[in-house]
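Taken in sequence, the protein lines are chains A and B.
For the record, in the first sequence the residue sitting at position 59 is 131 according to the numbering used here, with numbers rising by one throughout.
For the record, in the second sequence the residue sitting at position 106 is 107 according to the numbering used here, with numbers rising by one throughout.
Derived from the structure by calculation, the hints contain no laboratory data.
Ideal Cβ positions, reconstructed from N, Cα and C, are used throughout, including at glycine.
Do not rely on the hints blindly, as some may be mistaken.
[Said to hold, decoys possible] Each pair of labels, with its calculated beta carbon distance range:
| hint | chain 1 | residue 1 | chain 2 | residue 2 | range |
| --- | --- | --- | --- | --- | --- |
| 1 | B | Q270 | A | S74 | 58 to 64 Å |
| 2 | B | L20 | A | I89 | 26 to 32 Å |
| 3 | B | A236 | A | D75 | 50 to 56 Å |
| 4 | A | D75 | B | R50 | 24 to 30 Å |
[Stated by the list, open to error] Partial pick of chain A residues on the chain B-facing surface, computed with a CB cut under 10 Å:
| hint | residue |
| --- | --- |
| 5 | P98 |
| 6 | R102 |
| 7 | V127 |
| 8 | T142 |
| 9 | G144 |
| 10 | C150 |
| 11 | Y155 |
| 12 | G211 |
| 13 | D215 |
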Amino acid sequence: MSDLLRNIIRFAVFISIQVYVLNKVPHLHRFITPYLYFLFILWLPFSVSRQWLLVIGFFTGLALDYFTMTPGLHAAACLLIAYVRPFIINILTPKDSTEFNYREPSPKAMQWTPYLVYVFILTFLHHGYMVFLQWLSFGSFLDFIVKVIATTGISMLLIVTVELLFPRKLKFRTNTA
Amino acid sequence: MRNVFLFIRRYKTFFTFLLLQVVSLWFLYNYNKFHRAKFLGVANEMTGRINTQYNKVEDYFVLREENRRVHRMNDSLLNLLPQNFVRADTSVQLVQDSVLFDTSGNFRRYYFRPAGVVYNTVNSQKNYIQLNRGLNHGIKDNMAVLSSDGSAVGVVVGVSPNFCQVMSLLHVQQKVNVSLKKSGDFGTIEWDGKDPRLLTLRGIPKSIEIKTGDTVLTSTYSFNFPPGKLVGTIAEVVTDKSTNFYVLRVKPGARFYNLQQVFVVENLQYTEQTALNLESRKRIEDPKKNPK
Numbered sequence: 073m074s075d076l077l078r079n080i081i082r083f084a085v086f087i088s089i090q091v092y093v094l095n096k097v098p099h100l101h102r103f104i105t106p107y108l109y110f111l112f113i114l115w116l117p118f119s120v121s122r123q124w125l126l127v128i129g130f131f132t133g134l135a136l137d138y139f140t141m142t143p144g145l146h147a148a149a150c151l152l153i154a155y156v157r158p159f160i161i162n163i164l165t166p167k168d169s170t171e172f173n174y175r176e177p178s179p180k181a182m183q184w185t186p187y188l189v190y191v192f193i194l195t196f197l198h199h200g201y202m203v204f205l206q207w208l209s210f211g212s213f214l215d216f217i218v219k220v221i222a223t224t225g226i227s228m229l230l231i232v233t234v235e236l237l238f239p240r241k242l243k244f245r246t247n248t249a
Numbered sequence: 002m003r004n005v006f007l008f009i010r011r012y013k014t015f016f017t018f019l020l021l022q023v024v025s026l027w028f029l030y031n032y033n034k035f036h037r038a039k040f041l042g043v044a045n046e047m048t049g050r051i052n053t054q055y056n057k058v059e060d061y062f063v064l065r066e067e068n069r070r071v072h073r074m075n076d077s078l079l080n081l082l083p084q085n086f087v088r089a090d091t092s093v094q095l096v097q098d099s100v101l102f103d104t105s106g107n108f109r110r111y112y113f114r115p116a117g118v119v120y121n122t123v124n125s126q127k128n129y130i131q132l133n134r135g136l137n138h139g140i141k142d143n144m145a146v147l148s149s150d151g152s153a154v155g156v157v158v159g160v161s162p163n164f165c166q167v168m169s170l171l172h173v174q175q176k177v178n179v180s181l182k183k184s185g186d187f188g189t190i191e192w193d194g195k196d197p198r199l200l201t202l203r204g205i206p207k208s209i210e211i212k213t214g215d216t217v218l219t220s221t222y223s224f225n226f227p228p229g230k231l232v233g234t235i236a237e238v239v240t241d242k243s244t245n246f247y248v249l250r251v252k253p254g255a256r257f258y259n260l261q262q263v264f265v266v267e268n269l270q271y272t273e274q275t276a277l278n279l280e281s282r283k284r285i286e287d288p289k290k291n292p293k
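In isolation and in its complexed conformation, chain A is listed as follows (with noise of 0.2 Å):
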């Protein structure tokens, strides 16, 4: 399967994911809104170009935004770890050549620690980023504070469930393929 049509399955997976199973959950608590479409920017592979990074996370969050009535909302979010992203590879993956040698960010390509900070650092800025954005217009500051913590907790142990119970079967990349 190529890139491009894993990809696109991928979106189409994440986004009806969000929309109709965790957005649709019964209402657990007034702080806990479980996320998890946004690790669809974190799976794209290293080989896209950080302009392209830009849009595809750009239109990501407004697909999800369109569901949700919240034009932009997700969008932002999503932009700004778009953004992000490349930077924080960059620091975390050795700078030999195995760098690229698989094709996406995962466990096995970065090992679990630095594949665990990665994930980390960017549903923290996500969630931290959206939830300001609700937060200017509606509610308390106690609130703004304990709502990151508690989604990005949430989403964190969602992650790690799915690479789990989904380990993605990456080919190891080499010159004759």
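We have chain A; now place chain B onto it with these hints.
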């Protein structure tokens, strides 16, 4: 000049980021003015189609509850039939008029249209409901939405040809004029964004005695909601010593978790009422047009 172009090219990713960020924030803050007119129509049609497909499956899970609601509604209507009543005096015969109400001099004020819910959430602080009726079916902005057993659900805020978006009562910007059934006092119902099982009622003076379980109805002052429809029952009286008004927690009558069929209610005099309201306010409050 050349240096400027070089500078832009050097930082083109950053500029793309800034540009798209500005676009998304502009979307966010101009939502009401721009989106409802332009993008939302198209986007609403697309999300509506997808939601309809999903809803075909989801509907089966709430059928039991929905059936019960409809049955309860039928029951309340059946009890109103004139055949249920007899006169004590046998010499008087009850003749039913073929016209259900006196049409001479009466105007229809509210018109009910049925609609189905295709998407609904309760988890966000701004919850919207999507219905499968739109402009083609006569739905317009600001129409009220009642659940299938007649309790208040929300107000239509966006319409596309085949679908419409409803601002649910579980939306932090929603404000509905309501009154107490017992005393008829008016207040405003809103939601604090915390618990979808409880709405907040403000504006009822403390001089009135309130008990938990008192019924809250839509008021006669509301432009979009028909009067006397159930909003909820009072679940808790919060004592706030700083004001002379109660803060009341209200358990909503509509079950927002499993809405399936709803009524969209049109106030046929809505345009006239709001136009008069706006015009008179402008005339009185604008000093230039008011020479005295």
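_Under 10 Å is the threshold here; is the Cβ of P98(A) close enough to any Cβ of chain B for the hint to stand?_
7 Å, holds
*Could you check if G144(A) really has its C-beta closer than 10 Å to a C-beta on chain B?*
3 Å, holds
_Hint validity - T142(A) Cβ closer than 10 Å to any chain B Cβ_ = Hint holds; T142(A) Cβ to chain B Cβ min 7 Å, cut 10 Å.
*Quick one: are Q270(B) and S74(A) within 58 to 64 Å, going by C-beta?*
Given a distance of about 60 Å, which is inside 58 to 64 Å, the answer is holds.
*asked:* 24 to 30 Å was suggested as the range; check whether the CB atoms of D75(A) and R50(B) agree with it.
replied: 28 Å, holds
*Go through the hint on C150(A) and say holds or violated, using the shortest Cβ distance to chain B against 10 Å.*
9 Å, holds
*Hint check: is the beta carbon of Y155(A) less than 10 Å from a beta carbon of chain B?*
Given a least distance of 4 Å, the restraint on Y155(A) holds.
*Interface hint for G211(A), Cβ within 10 Å of any Cβ on chain B*: Given a least distance of 7 Å, the restraint on G211(A) holds.
*Do the beta carbons of L20(B) and I89(A) sit within 26 to 32 Å of each other?*
With a Cβ separation near 30 Å, L20(B) and I89(A) satisfy 26 to 32 Å, so the hint holds.
*Status of the D215(A) interface restraint (C-beta, 10 Å, chain B)*: 9 Å, holds
*Was the hint right that R102(A) lines chain B, CB cutoff 10 Å?*
5 Å, holds
*asked:* V127(A) was flagged as interface toward chain B. Is the shortest Cβ-Cβ separation under 10 Å?
replied: 8 Å, holds
Violation of the numbered hints given earlier is absent; every hint is satisfied by the structure.
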